[in-house]
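Okay, here's what each chain looks like letter by letter:
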Amino acid sequence: MSEKKTPQLDELEKGQWPSFVTEIRKAAAKNPAAEDLLGLLERSYEEKKGHWKHGGIVGVKGYGGGVIGRYTDLPEEYPNLAEFHTIRLNQPSGWFYTTKSLRTICDIWEKYGSGLTNLHGSTGDIILLGTTTENIQPAFDEFSDAGFDLGGSGSDLRTPSCCVGPARCEHACYDTLDACHNITNEFQDELHRPMWPYKFKIKFSGCANDCTASIARSDCSIIGTWRDTLRIDQDAVKAYVQEGLDIQGAVCDKCPTRALKFDYKKNELNVIAEECTRCMHCINVMPKAIRPGQEKGATILLGGKSTIVQSAFMAWVIVPFMKMEDDYEELKDLLRRIWEWWDENGKTRERIGETIYRLGMGKFLREVGLPPVPQMVFRPRANPYVFWQQDEINK
Amino acid sequence: MSEKKTPQLDELEKGQWPSFVTEIRKAAAKNPAAEDLLGLLERSYEEKKGHWKHGGIVGVKGYGGGVIGRYTDLPEEYPNLAEFHTIRLNQPSGWFYTTKSLRTICDIWEKYGSGLTNLHGSTGDIILLGTTTENIQPAFDEFSDAGFDLGGSGSDLRTPSCCVGPARCEHACYDTLDACHNITNEFQDELHRPMWPYKFKIKFSGCANDCTASIARSDCSIIGTWRDTLRIDQDAVKAYVQEGLDIQGAVCDKCPTRALKFDYKKNELNVIAEECTRCMHCINVMPKAIRPGQEKGATILLGGKSTIVQSAFMAWVIVPFMKMEDDYEELKDLLRRIWEWWDENGKTRERIGETIYRLGMGKFLREVGLPPVPQMVFRPRANPYVFWQQDEINK
Amino acid sequence: MPRIDAGPPHYKEMLPPIILENYGKWRYHVIPRPGVLKHVAENGAELYSVRAGSPRLVSIDFIRDMCALADEYCDGFLRFTSRNNIEFLVSDAGKVEPLISALEAKGIPVGGTGNSLSNIVHTQGWVHCHTPATDASGIVKAVMDDLHEYFTDMKLPAKLKVAMACCLNMCGAAHCSDIAMVGVHRTPPRVNDEKVQKGTEIPSLVASCPTGAIRPNPKTKSVVVNEEKCMYCGNCYTMSPGMEIADPKNDGVAILIGGKTSNARTAPSFSRMVIPFLPNNPPRWPEVTEAVRHIVEVYASNARQGERLGEWVERIGWEKFFILTGIEFTDKHIDDYIFSRETFRTSAAFKF
Amino acid sequence: MPRIDAGPPHYKEMLPPIILENYGKWRYHVIPRPGVLKHVAENGAELYSVRAGSPRLVSIDFIRDMCALADEYCDGFLRFTSRNNIEFLVSDAGKVEPLISALEAKGIPVGGTGNSLSNIVHTQGWVHCHTPATDASGIVKAVMDDLHEYFTDMKLPAKLKVAMACCLNMCGAAHCSDIAMVGVHRTPPRVNDEKVQKGTEIPSLVASCPTGAIRPNPKTKSVVVNEEKCMYCGNCYTMSPGMEIADPKNDGVAILIGGKTSNARTAPSFSRMVIPFLPNNPPRWPEVTEAVRHIVEVYASNARQGERLGEWVERIGWEKFFILTGIEFTDKHIDDYIFSRETFRTSAAFKF
Amino acid sequence: MEKGPASPEIKEKVLAYLATVEKAKSKEIAAAIGEKKADVDLAVKELAFEDKVEYLYITTTFVALKGKVGAPQ
Ligand code: SRM
Ligand code: SRM
Ligand code: SRM
Ligand code: SRM
Ligand code: SF4
Ligand code: SF4
Ligand code: SF4
Ligand code: SF4
Ligand code: SF4
Ligand code: SF4
Ligand code: SF4
Ligand code: SF4
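Protein chains in written order, with my numbering: chain Y, 1 to 395; chain X, 1 to 395; chain G, 1 to 352; chain C, 1 to 352; chain E, 1 to 73.
Derived from the structure by calculation, the hints contain no laboratory data. Quantities reported herein were computed from a predicted structural model and do not represent experimental measurements. Don't take each hint at face value.
[To be verified] Capping the alpha-carbon separation at 25 Å, the derived lysine to any residue pairs in SDA-like fashion look like this: (1) X:K26 <-> X:N135; (2) Y:K53 <-> C:K198; (3) Y:K61 <-> Y:M195; (4) C:K155 <-> Y:Q248; (5) Y:K238 <-> C:E46; (6) Y:K4 <-> C:K198; (7) X:K332 <-> X:N182; (8) E:K27 <-> X:T348; (9) X:K363 <-> C:E46; (10) G:K106 <-> X:S101; (11) Y:K323 <-> C:R27; (12) C:K351 <-> C:R315; (13) E:K27 <-> X:S101; (14) G:K229 <-> G:N217; (15) Y:K14 <-> C:I100; (16) Y:K266 <-> Y:A236; (17) C:K320 <-> X:G369; (18) C:K320 <-> Y:D253; (19) X:K363 <-> E:A38; (20) E:K25 <-> G:L20; (21) G:K95 <-> G:L20; (22) X:K363 <-> C:E227; (23) E:K27 <-> E:A6; (24) C:K229 <-> X:G369; (25) G:K12 <-> X:N135; (26) X:K49 <-> G:D5.
[Stated by the list, open to error] Label pairs and their calculated CB-CB ranges: (27) Y:D263 <-> X:I272: 27 to 37 Å; (28) X:K4 <-> E:P8: 55 to 65 Å; (29) C:I323 <-> Y:Q248: 45 to 55 Å.
Glycine is no exception: its CB is placed at the ideal position from the N, C-alpha and C atoms.
Go ahead and model the full structure; you've got the sequences and the hints to work with.
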């Protein structure tokens, strides 16, 4: 097939880390678009610039998102990239697969696309890179028959994702996989039909280790925690001492609130329950001996996003503790109220965090009906610029 | 004299703390304006509101500040308060007085004013509360003859002030009294003839204890420090041990950088020189044993101010270390460059800190000619929004 | 012809001999008793500074009284501190106790050193300013009466610096004090068109509002206020007497805590609002004095030795502070101004 | 007729029997060797997860290869991690080593667990996006080749999370990563009036500029850019293809460090810029790989055990970081955007 | 630093300009008459001594012809 030289890309087939160039080359062996991609990319490497035009409007019937239109600005030279759209498939909770399901995806993508994928996209989707406008609908139809559906794009709910949670992790404080699946299915309309000021992302992490980086990467971050006291197994503590773990140095001294007291004589570790902030550190170091408490649930945080344009925001606490039960009705109800408020108040291309920053947390809490609690802030305001409500002043 | 009842103010003559009401009453015994003030204040206590009009224009010939015009909004009822201006006299460095000089002030103020004062105003001036427009010039003339001069007000350099420093404090890293006096005299024009966008305050503290709260209260905060290593007298350390001081707990464990190592066996205290941030804590606890280093000077910080309107700013480091010698030429030169830049770039009623915040520290540093150093920031920027200069990019 | 720009008197003229001799040569100090600092020079010379409380707003009679004491006990030398206390500079150890007795006889408290409450830095209030939301001297007197024991004793965990500012201009270091009492408004300015028309530059007035709540009203040649947007800062009143913001029914006092300016141990920090509003109840502001005393007492009985108020709260966490004090947390505690973002809890680790 | 809104496949269909049986009943885990997690359930069941590196941009051939391995060693079950690694879910301890050998034979590295460098979260770059300032996959490949030993070994003080984003939109957690490489522009957009006229809403375009650098130009029915005000964020280009910001001569890569998202020990934190610009030097970006390796090495040899990169820098102070690494500090490191104030050193305590 | 006497021409220009406005900041005067601000500051200083202009503190300090702006009503 290809005779084109790609000296620069060839350099990236060297070295110990598996090479994406090799992957493109594999696809190129079977697919002309993938082959053109090699050429286009080599050209970008020479010119130090991209060769893709601003996205266009492509999609699947009944859906408002899930496909990213993409066209090269050099269609004459790379005709097979004239259209090179991405399809975002909603991954299963926790990115678990049977080989059978993965093979099905490969087969359909071999038929309709370039054979290139990202496993996974940064938001969590199965990213299928490169197809034509014409092929989108038939590809979707087959994926759909095989049990897959589109993910989000545009101003909608983006594909939620979750950590491995109870499927394989001893720390999980709620069922992240079930929650992710349930919420995704509940809000199919919001996911597939963009109607908001901008995108909205949800990520589920089973504990404060936050293995989905949800606090930085999602508008709504749902982080597992517990309300009672962490549980310590003193026999296991003694076993760690035996193994030579420096409990005072590696655990107690690094506890952010100094809530752990180690008794050298008895080889006993105790926690001052009210001081513990459930940061997970001690549990991480001594998983055999320390476990979360029993009254489990999640902290809900809001407003995370990356840098463009008002600066990056990390999500902040809006509900310190919520039980993750009863089909997540409490969470769903809260999400609906938040979206309604945001839809009402947000400017175009304004993330929820930016809207709240602009209008003030007080207004948001009052209008969404959330009780203010000190857990929402690191510290209270430094300025005295309080807004008083009509019913709070003397007429 | 007065027959007017002041039941509310009377309540404030009770209690153990010396009473300002008693003071006004003392003045009222001799001065009708002070007497009217009692009545007006009682009225404010009843009505819960002030009775002073917006300031007016009064002053001393050749001076553009130093007098605050004040008129009551009830001149019919309190005719002696129809004019009740304040004169700000520049205090001597460190607020030191001979009784003779204080008596001179009292005598002149008895003649021309209400007999009421603030020792001192928040900026540091001797505040003479309450005189008439007519009396301002003659009062000034007499104060001037007695060796006193006006302080600042309006959009000028405000009266600089300094801590007690080398006059009585073992910690002083430079001569705060001399610096304050020298700078005040150098910039008499700037102090007395307002010509800037807004006020500009300078405060001198001899060490990082910052006993003038300069970092919060002055646009330019000058804080003593040293470049080499603090000095430890091991005999004195041993004496503290003898006295029962818990050196590990009260000193080492509270050192913010853990730069101090206490050797229990030898009763020796040592410092890791490069780790010490000269916070003063250990010196404060053990002044007999620990002293600042020998290569002394000051850190210059810029931008402090209170809350109105862009939020409070604390001053930040712009020169980590400056020798305070040679008639302070380096400092004077820097101040001139800063003022020139601010005058050029500041909006009306914009403090220097606000101007820099609005236009960016980079622009300020480049244009004032200060080299950027990491000591200027707690941490570098989190966003990637860098401004590149023409000579830094490839054409 | 008066001298012009002659500057302040030279400080050296004001220094007692012991200071002139030992200027820059002090070796260390101790605090032999509350209110007394003993500074020892390299050559062994000893200076006793006796610190006395002052109401700051004083008459010339008071100053003359103090001068009389200074003449008798310290050869005519005294100074004032950056917190408006008076310091008598005694070079004869034997005169310290007699001076203290003389001061106490006059009702002047001695204290404010070491781990004590010092004098309250404060402002003009109804006595002399045009923009106050409350009085300053009155509240200060009431609070200092109430907390007197903490001034004359050194029984606090650390120094306690209290400030009082009568409006949001915050003349003083209220924004960085262990405890700050700040006069606040709670209702928007009422526009007095006539006054605005007279001598107010409308564009400057409009620009002065930090929240953009003021719009020009070409019809009246005055302005209108969007009350929803107003946060009662009073900056427009500073610009124009026609923006009448004082409101006796709604003005009052906010309490902020936990600021400091020293660099010892921890970086200087801003005070944080813990009580958004207490009513103006002259003459003794019982709500304010109680709130301040309560905070001081909870601090005194919970903090570790050497811990400033803010250092204590930051160690235990603000959520814990609200539990310990029982102060109610409301939406008003949450920042919604320019730098709000840094105050939000962007962490899942907190106390319940 | 395809199904609409059926949602993703149910995860339970994808779980191996050992997980279905022990779902929510895991007791603890250990890391027997780099790249292998051993999870032990309450009933003693043991699951071995073998973590393998992936370039993320993979062909269907690659996926099929991995499926073949999963069929052979783990009954057809595998998963991907939140950092795009592949995890083989092995329930038979005896199959762990053979699987690893098989992977290594294919050139697939095993590692990324515990105190190691994991896979680099990254984005599209020149492969598929319209706004990149650099490529993503290429830099990632070059850096992972260079730092390979830190992936396969657990010799770092703590976990090291590296991210790569090809423009300032920062798709990924670059803003909160231990090390982030971010594609940046350095010159203002060149306005292509024709393209702007076609289909761009001028008011939205003007509003999109965070610094107010864009003004409408009624004459051309397009816009003009005040180049002094432009900070090259590229947001205008996202709004309109007429705002051509890509500039091969000046685009490149900035390095930010010290962010984290876990709440363990310290609160989640933003990454901070330490190198404002490195040139785009494809195919292997030597300046970038060297800079990253240098930072990793200085960190590895100076931090305490268990300290994330940012925790280490915050403990020693950023001024010390610049000394230790020898990286030059410039005016570009100092924030001049909305939240700059909180980054200024408002303290006299610092290291020289 | 001795600044020396102010330029008489600049003083005249300042007075002429101030006659046209109620009050002004010295920066505005400098811009209006096209002189360096430092020179205007010096001129204003001398004019103040000559009782021809005065400084007005109205939230920021302005300069005006002496007596042009009265006390508040
Ligand atoms: C494909 C993906 C990168 C990847 O290689 O993984 C991606 C690609 C694009 N992102 Fe993104 N974003 C992707 C995850 C993210 C993330 C990470 C996340 O979701 O965890 C972020 C940061 C978190 C956040 O949402 O803030 C992210 C922040 C952005 C932004 C900035 C939004 C903001 O408010 O800060 C934009 C700009 C925009 O929306 O106009 C953007 C825009 C884009 C666009 C649509 C370009 C554009 O301006 O229209 C890119 C399309 C590229 C293409 O042609 O394929 N992308 N984007 C990720 C989605 C894959 C998936 O669905 O799984
Ligand atoms: C007298 C004094 C209070 C006192 O009782 O001690 C005072 C009194 C006034 N201050 Fe102040 N300020 C006084 C020290 C301060 C300080 C403290 C300091 O200097 O250390 C501050 C906070 C630090 C700062 O500068 O930010 C301060 C911040 C303000 C502000 C807010 C400025 C800002 O940018 O944040 C204003 C408002 C203004 O300038 O328009 C203000 C305005 C005023 C005015 C002139 C009222 C006005 O709006 O025109 C007050 C006149 C009262 C009167 O009639 O006597 N005053 N003012 C202090 C001056 C005495 C002296 O010269 O020694
Ligand atoms: C007299 C005075 C300076 C002056 O020029 O007037 C002064 C004098 C001394 N200060 Fe101060 N400080 C004075 C205001 C301050 C201020 C400013 C303020 O109060 O507004 C501060 C910063 C306040 C803050 O952080 O909010 C201040 C923070 C300190 C500190 C640090 C305390 C801390 O740990 O945070 C020390 C060190 C110590 O006491 O251990 C200190 C130490 C000292 C020493 C021990 C210095 C010495 O060796 O002579 C002096 C006696 C302290 C005492 O009262 O126990 N001085 N000192 C001021 C007395 C004010 C008063 O009447 O109470
Ligand atoms: C598989 C994965 C979850 C998933 O659903 O995919 C996962 C799995 C585990 N994480 Fe994680 N983490 C995973 C991404 C994350 C992330 C997100 C990220 O990397 O973008 C974070 C937050 C990153 C940050 O802070 O910037 C994360 C922060 C942690 C931490 C906290 C580390 C710290 O001290 O800051 C722990 C605790 C520990 O390792 O001691 C942890 C612990 C664990 C444990 C030990 C949990 C358990 O008991 O099973 C798992 C093995 C960790 C290991 O690799 O040594 N996991 N973990 C993710 C693997 C990514 C990878 O391929 O490398
Ligand atoms: S976030 Fe917590 S529960 Fe989820 S995988 Fe990580 S450690 Fe386990
Ligand atoms: S979870 Fe964190 S805060 Fe709680 S005891 Fe353990 S280390 Fe301390
Ligand atoms: S600032 Fe330092 S030098 Fe000045 S009085 Fe306070 S402790 Fe002494
Ligand atoms: S001055 Fe502060 S930082 Fe330096 S050694 Fe003493 S306590 Fe530590
Ligand atoms: S705080 Fe406000 S009311 Fe009080 S003196 Fe200052 S400006 Fe006047
Ligand atoms: S009080 Fe403040 S916020 Fe309200 S209108 Fe006046 S300036 Fe604006
Ligand atoms: S970071 Fe920028 S260039 Fe890269 S994929 Fe995201 S939007 Fe596109
Ligand atoms: S690149 Fe950013 S700052 Fe520059 S003109 Fe475009 S939107 Fe404005």
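We went through each hint and held it up to the structure:
With a C-alpha separation of about 21 Å, the suggested pairing of X:K26 with X:N135 holds against the 25 Å cut-off. Of the supplied pair hints, the one linking Y:K53 and C:K198 holds, its CA atoms being roughly 14 Å apart against a limit of 25 Å. For the hint pairing Y:K61 with Y:M195, the CA-to-CA distance comes to about 16 Å; that is within 25 Å, so the pair holds. Straight-line distance between C-alpha atoms of C:K155 and Y:Q248 comes to about 22 Å, which keeps the hinted pair within the 25 Å bound.
Distance check on the hinted pair: Y:K238 and C:E46 sit about 23 Å apart at the alpha-carbon level, within 25 Å; holds. Proposed proximity of Y:K4 and C:K198 is contradicted: the alpha carbons are some 36 Å apart, above 25 Å. With a CA separation close to 10 Å, the supplied pair X:K332 and X:N182 stays within the 25 Å bound. For the hint pairing E:K27 with X:T348, the CA-to-CA distance comes to about 10 Å; that is within 25 Å, so the pair holds.
Between X:K363 and C:E46 the CA atoms are separated by roughly 61 Å; this puts the pair beyond 25 Å, and the hint is violated. A C-alpha spacing of about 23 Å is found between G:K106 and X:S101, which places the hinted pair at or below 25 Å, so the restraint holds. At roughly 22 Å between alpha-carbon atoms, Y:K323 and C:R27 fall within 25 Å of each other, so this suggested pair holds. Proximity of C:K351 to C:R315 is assessed by CA-CA distance (about 12 Å); at most 25 Å being required, the pair is judged to hold.
For the suggested pair E:K27 and X:S101, the alpha carbons sit about 39 Å apart, so the restraint of at most 25 Å is broken. Straight-line distance between C-alpha atoms of G:K229 and G:N217 comes to about 17 Å, which keeps the hinted pair within the 25 Å bound. This hinted pair checks out: Y:K14 and C:I100 have alpha carbons roughly 21 Å apart, not beyond 25 Å. Annotation: proposed proximity of Y:K266 to Y:A236 holds, straight-line Cα distance about 13 Å (limit 25 Å).
The suggested pairing of C:K320 with X:G369 holds, with an alpha-carbon distance near 24 Å, which does not exceed 25 Å. As the CA atoms of C:K320 and Y:D253 are separated by approximately 23 Å, the hinted pair is consistent with the 25 Å bound. Restraint check: the Cα-Cα separation between X:K363 and E:A38 comes to about 22 Å, which is no more than 25 Å; the hinted pair holds. For the suggested pair E:K25 and G:L20, the alpha carbons sit about 45 Å apart, so the restraint of at most 25 Å is broken.
For a cut-off of 25 Å, the pair hint linking G:K95 to G:L20 stands: about 20 Å separates their Cα positions. Distance hint between X:K363 and C:E227 is fulfilled; the C-alpha atoms sit about 15 Å from each other, no more than 25 Å. For the proposed pair E:K27 and E:A6, the alpha carbon gap of about 16 Å is at most 25 Å, so the pair holds. For the given pair, C:K229 sits about 21 Å from X:G369 by alpha-carbon distance, which is consistent with the 25 Å threshold.
Proposed proximity of G:K12 and X:N135 is contradicted: the alpha carbons are some 30 Å apart, above 25 Å. Distance restraint check for X:K49 and G:D5: the Cα-Cα separation of roughly 38 Å exceeds the 25 Å cut-off, and the hinted pair is therefore not satisfied. Evaluation of the 27 to 37 Å hint for Y:D263 and X:I272 yields a pass: the beta carbon distance comes to about 32 Å. At roughly 56 Å, the beta-carbon separation of X:K4 and E:P8 lies within the given 55 to 65 Å, and the hint holds.
The beta-carbon spacing between C:I323 and Y:Q248, approximately 31 Å, falls outside the hinted interval of 45 to 55 Å.
When each numbered hint is compared with the structure, violations occur for hints 6, 9, 13, 20, 25, 26, 29.
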